[in-house]
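Peer 1: Residues per chain are reported as follows:
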Amino acid sequence: MPTENPFQDPLRFERRVPECVVVIFGANGDLTKRKLLPALYRLAYDRRLSAGFAVVGISRTPLSDEAFREKMLEAVKQFSEDTKFDEDVWNAFAGGLHYVAGDIGDPALYQELATKLAEIEGSRHTGGNVLFYLSTQPSQYAPIALGLGKAGIGKGNGWRRLVVEKPFGHNLESARELSDRLHEVFNESDVYRIDHYLGKETVQNILAFRFGNGIFEPLWNRRYVNHVQITAAESIGVEGRGAYYQEAGALADMIQNHLLQVMATIAMEPSASFRATSVRDERSKLLRSIRAMKPDEIRENTVPGQYGPARIGGQEVPGFRQEQGVNPESQTDTYAAVTFFVENWRWAGVPFYVRTGKRLPKRVTEIAIQFNKAPLAIFGDTDGDGTAPNLLIVRIQPEEGISLKFVSKTPGSGMKLRPVSMDFNYGSSFGERSPSAYETLLLDAIIGDATLYTRQDMVEASWTVVEPIQNVWKETKYEFPNYAAGTWGPAAADEMLARRGHVWRKP
Amino acid sequence: MGAAIGATVAPDHILKELADLWVSLGKQGEAEGGAGVLRACSMTLVVLAEESEDFSGLGETMAALMPEHPARTILIRLRGGEERTLSERVYSQCWMPFGQRRQICCEQIEITASDAALADLASVVLPLAVPDLPVIVWCRSARLVDMPEFHAIAAMARKVVLDSAQMPDGHSALRRVADLARRGVLLGDFSWTRLTRWREMLAQVFENRRNLALLDHISKVRVSFGGAYEVLAWYLGAWVLNALADAGVHAELSVTGTTGGRYLRVKLEGEGLKVELARSDDRLAIAVNDLSNVTNLPQPTDYLLMREELGIVRNDPVFDRTLASAARLAYPTD
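Protein chains in written order, with my numbering: chain A, 16 to 522; chain B, 12 to 345.
Just so you know, these hints were derived from the structure itself, not from any lab.
Treat the hints with caution; some may be incorrect.
Taking lysine to aspartate or glutamate and the DMTMM-like style, the derived pairs with C-alpha atoms no more than 25 Å apart in a straight line are [to be verified]:
no.: 1; chain 1: B; residue 1: Lys278; chain 2: A; residue 2: Asp24
no.: 2; chain 1: A; residue 1: Lys92; chain 2: B; residue 2: Asp313
no.: 3; chain 1: B; residue 1: Lys278; chain 2: A; residue 2: Glu19
no.: 4; chain 1: A; residue 1: Lys99; chain 2: B; residue 2: Asp301
no.: 5; chain 1: A; residue 1: Lys420; chain 2: B; residue 2: Asp143
no.: 6; chain 1: A; residue 1: Lys99; chain 2: B; residue 2: Asp143
no.: 7; chain 1: A; residue 1: Lys99; chain 2: B; residue 2: Glu71
no.: 8; chain 1: A; residue 1: Lys131; chain 2: B; residue 2: Asp292
no.: 9; chain 1: A; residue 1: Lys99; chain 2: B; residue 2: Glu79
no.: 10; chain 1: A; residue 1: Lys300; chain 2: B; residue 2: Asp143
no.: 11; chain 1: B; residue 1: Lys38; chain 2: A; residue 2: Asp438
no.: 12; chain 1: B; residue 1: Lys278; chain 2: A; residue 2: Asp438
no.: 13; chain 1: A; residue 1: Lys99; chain 2: B; residue 2: Asp293
Can you make the complete structure from the sequences, with help from the hints?
Peer 2: Right, dumping it as structure tokens:
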């Protein structure tokens, strides 16, 4: 009996997608409506899903399958930003949408789900493959996993995978505890911790850029790189999520997960292959090489911030403490800047400056690798533009691309130099639409490719470096607000770089 | 920018015109308050088309291809006739990515050549090719494929793309394509490219473990076609047989056609399994035993076909093998 599909043609076909059911817990939530269903519809539109593909939505609100389909139809029409709505594609896709109502703490819900999955397996030949997607409060992750286990649907005759959204714990201990609970039902290899930053095309392109080209890797070390700046700036405030954000803060919300993962991708050693295990091993090794700082180092190398009110573009903008649901004396960080050091031979002594914040001047995420200056200013210009160091900028959003800044002669007589930029714009160089991060990551999880997902050891390594910072910040009373909305953060963050002779880029 | 030079075209002159073009584009971009222009180039694309073709439609296809496959395009208008004429003009194809201030531009060179001047064409095109980047020839003229001058042009190319469905005699078209492949030309044939989505959908049927388990029950493969789809039908039949053979399954193939209509249908039959794919309008109907599904499959445009071929500038082992098998099956006495 054949075990391999002989009709596959990897040169021309898209990746193989097995038959499966995606079970979404939290099917009435914002993430499902804004991201998950539009991403799945887009995959169906692009013929990336198998004919028997099905979705089971789970939430507390009683709804029929038909009512759930209607709701999702509205969501797809509203939130599929760059996808044409096709009635026939929707009808074929919607035929596989089902709904089960119930309370997550109620064992009857899982029995009903088991019955529904058996029905779907019979009618749509899904081979027993199920992807459970937890789009719920983090406190519900463990109860759901245990509920699935008790009902016997955590394992089956096909594969069973569990996708969880961040935060993966709120410190090292809670992250470990969460993993232990999930592992009671699912093997670590079947747990997919989603970090949508890693699904972005440019973050994946960092790997292609570094390991697909021969000319950059020899420069990628302490000998040539002066320092690295990673910036994730948002121009908006907490947008009605003040109560939630107050508990998290910028450090835990952005740096512990997204930005440390990005930093690991930039700084990791080349992996032996592009297999998930190899890439994740290297990323994990890098995270474990980041120095966990002592309290006195933390005061020197980190800066928390909180935005205050300001007038931007003629409009009054409230400070964080004036946002709805926020404690007027809140000590939450809406800005965080940290200098990390990687303790390995490649990066010893090279500062990695990582900053993120809300209500900064613009929405931008980028990585800037600043190389050392030319060792001698032979053109006489000792401190002008002519001695500007080379910069490699990897833009993650809003315009994905890569720029290399270098020095060139100004046209005309004399030897005047000026920096110029060589740009690669991801969108315009490949006119093709880039898939959204959720399309990429959902498809990866269905296919069983965990390369872009976070593993437990990575989560623990991140908390190991972030938790001491969190502790020092909690013990200290800061004079907040310390930056006005619409500015590039607190002055202390500039001073942190100035101590090493560096300056934040203004992206 | 451009000049008709009567019966001769000097590549050096064209290169000078290209350099002048960039200077003027740069000045124009800055004068309009933009940030200059960005030159993009990933290959040299030589397009050979009969002058009777709809050049505005072809221009739109080229413009659509450029953002993804920016190229120095050398468009050769084949005028026919015995009087020796050769002329050229140089221009650019630019686009402004949404939300940006800088235009991205590609170079285009248009050369008009009569049949009598075809022998000179390779010597003009070769110096115009961008160094270190692949040369792709897209031959839209079925007539040219049979002319001896075509081989000199094909010899410059990393890959030659043609459309056997446009060749006048469907039955001999496959032989002509196979002959080119035997001469060592790396080929792309739109008749094969048109089958990609079909093949993908058929492959998807066997991603299901139940269907895969029944694969060795398949004993018959029937392909039927209408009109210009004869080459597609042979490709499809040969590809299915090869794939089955790889899995140790030996089935019988029948390919039948009618002269009218444009249709294609494939059936794989065996004990306990019947798979059928058939197109109707812009839909592909897939039936597996009693389960059927319909998926969106619009007729691929030249833009979509060429876009796929430009994405594969290398040997395509599945196509090479299918082409050889299809020719053997279609012409068993050759």
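Peer 1: Now tell me, hint by hint, if it's right for this structure.
Peer 2: Quick rundown of the hints versus the structure:
| no. | hint | result |
| --- | --- | --- |
| 1 | B:Lys278 - A:Asp24 | holds, 20 Å |
| 2 | A:Lys92 - B:Asp313 | violated, 30 Å |
| 3 | B:Lys278 - A:Glu19 | holds, 21 Å |
| 4 | A:Lys99 - B:Asp301 | violated, 31 Å |
| 5 | A:Lys420 - B:Asp143 | holds, 24 Å |
| 6 | A:Lys99 - B:Asp143 | violated, 39 Å |
| 7 | A:Lys99 - B:Glu71 | holds, 22 Å |
| 8 | A:Lys131 - B:Asp292 | violated, 36 Å |
| 9 | A:Lys99 - B:Glu79 | holds, 21 Å |
| 10 | A:Lys300 - B:Asp143 | violated, 39 Å |
| 11 | B:Lys38 - A:Asp438 | holds, 19 Å |
| 12 | B:Lys278 - A:Asp438 | violated, 50 Å |
| 13 | A:Lys99 - B:Asp293 | holds, 16 Å |
Hint violations for this structure: numbers 2, 4, 6, 8, 10, 12, all remaining hints satisfied.
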